[in-house]
Every structure is written in C-alpha cells, then in structure tokens.
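J.: Here is what each chain is made of, one letter per residue.
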Amino acid sequence: MSNKNQLASSSSVTSDSKKGSIQMQDLTKIYDPDGEHVKALEEIDLTIEAGEFVSLVGPSGCGKSTLLNCIAGFIEPTYGQLYVDGDRVDGPGADRGVVFQENRLLPWKTIRENVNLGPKMRGEIEEDRAEELLAQMGIQGTGDQYPTELSGGMQQRAEIARLLANDPPIMLMDEPFSALDALTKEIMQELLLDIWEEDNRTVVFITHDVEEAIFLADRVLIMTAGPGEIKKSIDVDIERPRDLDVTTTPHFNELKEEALSYIVEEAREAMEG
Amino acid sequence: MSTQQGRQIDLFKWIKPFVSIAGFFLVWYLLVDAGLLESFPGPFPVAASAVDAWADPLLHSSIIASLQHIYIPYLFAVAIGVPLGIAIGWNQIVNDLMFPSLEILRPVPPIAWLPIVILVFPTTTIGIMFITFLGAFFPILLNTIAGVRSIEEDYVKAVRCLGGDRSQVIREVVAPAALPAIHTGLIVGMGLAWINLIAAEMIADEGIGRYVWVSYTSSNYPNIVFGVLIIGALGYASSEIVRWIGNRRLQWSNK
Numbered sequence: 001m002s003n004k005n006q007l008a009s010s011s012s013v014t015s016d017s018k019k020g021s022i023q024m025q026d027l028t029k030i031y032d033p034d035g036e037h038v039k040a041l042e043e044i045d046l047t048i049e050a051g052e053f054v055s056l057v058g059p060s061g062c063g064k065s066t067l068l069n070c071i072a073g074f075i076e077p078t079y080g081q082l083y084v085d086g087d088r089v090d091g092p093g094a095d096r097g098v099v100f101q102e103n104r105l106l107p108w109k110t111i112r113e114n115v116n117l118g119p120k121m122r123g124e125i126e127e128d129r130a131e132e133l134l135a136q137m138g139i140q141g142t143g144d145q146y147p148t149e150l151s152g153g154m155q156q157r158a159e160i161a162r163l164l165a166n167d168p169p170i171m172l173m174d175e176p177f178s179a180l181d182a183l184t185k186e187i188m189q190e191l192l193l194d195i196w197e198e199d200n201r202t203v204v205f206i207t208h209d210v211e212e213a214i215f216l217a218d219r220v221l222i223m224t225a226g227p228g229e230i231k232k233s234i235d236v237d238i239e240r241p242r243d244l245d246v247t248t249t250p251h252f253n254e255l256k257e258e259a260l261s262y263i264v265e266e267a268r269e270a271m272e273g
Numbered sequence: 274m275s276t277q278q279g280r281q282i283d284l285f286k287w288i289k290p291f292v293s294i295a296g297f298f299l300v301w302y303l304l305v306d307a308g309l310l311e312s313f314p315g316p317f318p319v320a321a322s323a324v325d326a327w328a329d330p331l332l333h334s335s336i337i338a339s340l341q342h343i344y345i346p347y348l349f350a351v352a353i354g355v356p357l358g359i360a361i362g363w364n365q366i367v368n369d370l371m372f373p374s375l376e377i378l379r380p381v382p383p384i385a386w387l388p389i390v391i392l393v394f395p396t397t398t399i400g401i402m403f404i405t406f407l408g409a410f411f412p413i414l415l416n417t418i419a420g421v422r423s424i425e426e427d428y429v430k431a432v433r434c435l436g437g438d439r440s441q442v443i444r445e446v447v448a449p450a451a452l453p454a455i456h457t458g459l460i461v462g463m464g465l466a467w468i469n470l471i472a473a474e475m476i477a478d479e480g481i482g483r484y485v486w487v488s489y490t491s492s493n494y495p496n497i498v499f500g501v502l503i504i505g506a507l508g509y510a511s512s513e514i515v516r517w518i519g520n521r522r523l524q525w526s527n528k
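Chains as they are written, first to last, in my numbering: chain A, 1 to 273; chain F, 274 to 528.
Where hints are given, some of them may not hold.
Said to hold, decoys possible - Cross-link-like lysine to aspartate or glutamate pairs, in silico, DMTMM-like; alpha carbons within 20 Å at most:
no., chain 1, residue 1, chain 2, residue 2
1, A, K232, A, E197
2, A, K109, F, E311
3, A, K109, F, D438
4, A, K109, F, D427
5, A, K120, F, D438
6, A, K256, A, E211
7, A, K109, F, D306
8, A, K185, A, E197
Simulated from the structure, these hints should not be mistaken for laboratory data.
For reference, chain A alone in the conformation it holds in the complex (with noise of 0.2 Å):
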C-alpha cells in the first residue's frame, strides 16, 4: 500500500509539488458473470488535475461507481492503467479517501472514536482533532454518541470529519447526499465547498442530480451506459466562491440544459438499443 500521506501534509507549499492527480489510460473494467461479458467501463482516458473539483454524472448502471471503486483500489480493472500521482494504483490507501451513499461509521464506535481510527491506525492520535473537526462540520458535542444516535446528515457530516481527519489528497464521494433530505442536502453541498475551497483537494463526486453535479465542480462528465464511456466534459466556469444563488442564473440554466441534452440523449439512445 503506498503511503502518501506524509507527503500530502507538506505538499501544500508550492502548485507543482501538489498532491492528488489521476490519470487513466484505456481503463476497462469487464464483469465476467457466467462467461457472460458485461463491459462496465470501456477504455477510458483520462485526467483529473491536483486540487480539481470533478462531477461524474449518468444513468444508473453506467459505471460511475465502477470507476470510483477503481480509483478507491477496492476494484482491480481488467486492463488499463490508473495512477494517482504518477504511482500505479493497487489497493486502497489513506490517500484516497471515500464517502459513501450509506454511510460507514464503526457503529460500535463512538463518533469520536470514529472520526480518529485513520490518525490511530497510522499511531498518530491529535488531541483536540477530532473535536475540531466535529466542529468544523457543525456537529460539536457528538463525539461520545454512537453514529445511530444521530440523524442521517448528522451521520454524513461524521463521515467527511472521519474522511478530513486522514487529511488524504483525493475525496472519492460516491451520492453522498443522495439519501438526505432537500434541505439537508443544500446544506451538506455548501459545507462540502467551504471545505474544499479551505484546502483545494481532488474530489470526484458521483451523483444522479445534474444541478448538483454543476454546482459543486469544475467540471462535469457525463458518462454512457453499456458499456461505460465518458460521452461529454463540460467545464463550469461559474465563478467561486459559489452560493446556491448561483443556481438561478442564465448561464447556470443554460450548462444545466446542455448537460441534461447529452444524458436524454443517452437516455433514449440506450431504451431504443
């Protein structure tokens, strides 16, 4: 497993020196159920720059979790190549950490003992981390409950403090805030953004929800089902800081509309196919 963590930590002196960048090359992952070939991502080439906020967006059963779990390591592609940082991708590390949809607190762990297993695991407990970062995420004073005690978006927020608390250059977020209520949700985006805006990681972030997919990236892919390509990469060049404002803008409107074309297309594409 590599260790990039330590570099992380003291990489944020200088842009070149900045950890977090993906690569792939001819990325293929095929399911092989019954010798029945199922293509899930077909040669995919691609590049997410270091600090890059980036929406994978499409229809259910395209292989955007499929490519996520690539790059977390938890899924070996059949063939292809996947770096991070220039270092072949083999097995999942703390330097890609993911939120998932449901989420993945220890629930025989308090939240605080939750939010420090990555520090403790490495055997290097901050005092006071934990709290900070509890805070940070507006959920002071949770650290001795246990993670059903709270409320669904109480628990997410737990998770990204866990996530945070590892200090890892890429955030793979797979729906995360798809199980939360529209408030809740709204919320959670803005938070994830006062976030990322403080320390410029690599997220890529899954998600089903167009308008949510332009709000929070720099760019959005739209990806193809059967087999899994990346059919569209629209660049958001709304300016930051953003507030969800900016989702009733014209020019908001107009990326959301040649978005949402590209994925009906697909759409019917795929039904008539």
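Got chain A; can you put chain F on it based on the hints?
T.: Same frame as chain A, but now just chain F:
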C-alpha cells in the same frame, strides 16, 4: 408515561422470573399430588432432604469440582474457538483446510467420547474437561464463523481506505462486528458445556453429576431431584453471567 406507571412496569418486569419459578414448583407439586409421577418425590420431601444435604461437605466439594470441570475448559473453548472462528470465517483457505474435519467431530455425542477419553487421557478429570470443552467449543466456533461471514463489506472498505492493513481490518471491523454473534455462541456454548458435563461426570470421582449418580444408586430420590435442581440453577446462573458480561460490552448494538 408517568413515573408511577414506569415504576410499576419495572416492578412487574423484576417479579416475572419469580412468578415463573413459583409456577414451576406449583406444577411439580400438583403433578405429584395427583399421583401422576409414581414414586417421584414432591417439592416438600425434596426441600426437607435438601436441608440435610446442604450441610453435607460432599455436596460442597461436588459443586466446586463441577464448576472447575466447566469453567477451565470453557475458557479454553473461548480462547481457541473465537480466533479459530475468525480465521475460518475470514480466510477461505483456512476454511477449506480446517472446516471439514471439524464437521466430522461436531455431531459426535458426549457419551460416545467417554470410552475414547478414558483410553486417551491420563486422568478422568482431564477427560471430563475435554468433553465439556467440546460442548462449549462448537457453538462458539460456529457462531463466530457465522458472525464473521455476515459482516458488511462496506465496513471493511471504509477501514481499508482510511489506511487500515489486514490485521487492522480484523481488529477494527471483523472482531467487533462479529461480537453479537460470538456472544450468542458463548451463551449457547455455556449451556451445552453443562449438558456435556453431566454426561461426562458419570465416569467421574467427583462433581455434581457424580453426586446425582451416587444418589440414584443408593436410591436417595429426593437428593437426585435436589442435585438436578442445583445443576439447573448453576447452568442458568452461568449463562446469565455470560449474557450480562456480553450485554455490557455490546451496548452499541442495543441502541
């Protein structure tokens, strides 16, 4: 809910086990009184002989011997069954190498072991402990395996992407996630250890099973019943201790 009502419910909850046990004695008394159990002694003759037996040093040494026959092998069963169960449940290779041969041994009833342990072990005490060990070992092993296999993969992923290596995944995820199932195994194992104990103590020089056997051969029927009640009470208490310890450690799973 008012506090008064809450207190009443607490009291009722507290009193129910006693109602259950009182009912047991009542049914026993009525069955004997109706002449349905032939010469089987009723609660009062048993209580009368229990007063004498209670002062008998033989009973005391029998109880102490049986507790040793239970708890020493039980601790071995936990110390071997839990780690082995985690290894078998987590690692397919360990599973394929170990599990089939363990499955051959598992269905062998405790009585069938008696001639073997008499031949193999230097003292009958060690032989008895081996049989109680088997009673506790298999439920603990099988429940641990089942607990490990039911772990949600995403918890493992979460710890892996926080930088956890294989041993940390086992310590932080596999063992605690399997703990509720392990706890069930510990309770069931304690019960089976007592069942095996009484079978095994037929060949023993001492122990509460031996005490019942001797009472039988000397036709002291009230003492048989008293001995059986003691076995039941000690077995029940032992399982409750395991349950209580487990529930304290498993507060998170009750929330």
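J.: Tell me if the straight-line CA distance from A/K109 to F/D427 falls inside 20 Å.
T.: Answer holds: A/K109 to F/D427 is near 16 Å, not above 20 Å.
J.: Given the hinted pair A/K232 and A/E197, is their alpha-carbon gap at most 20 Å?
T.: violated (25 Å)
J.: Taking 20 Å as the top limit, are the C-alpha atoms of A/K185 and A/E197 close enough?
T.: holds (18 Å)
J.: Quick one, are A/K256 and A/E211 close enough, alpha carbons at most 20 Å?
T.: holds (7 Å)
J.: Taking 20 Å as the top limit, are the C-alpha atoms of A/K109 and F/E311 close enough?
T.: Judged against 20 Å, a Cα distance of about 58 Å means the pair is violated.
J.: Decide if the proposed pair is consistent with the structure: A/K109 and F/D438, CA atoms, cutoff 20 Å inclusive.
T.: holds (18 Å)
J.: Does the alpha-carbon distance linking A/K120 and F/D438 stay inside the 20 Å limit?
T.: holds (12 Å)
J.: Is A/K109 within 20 Å of F/D306, Cα to Cα?
T.: violated (57 Å)
Violated hints for the displayed structure, listed by number in ascending order: 1, 2 and 7.
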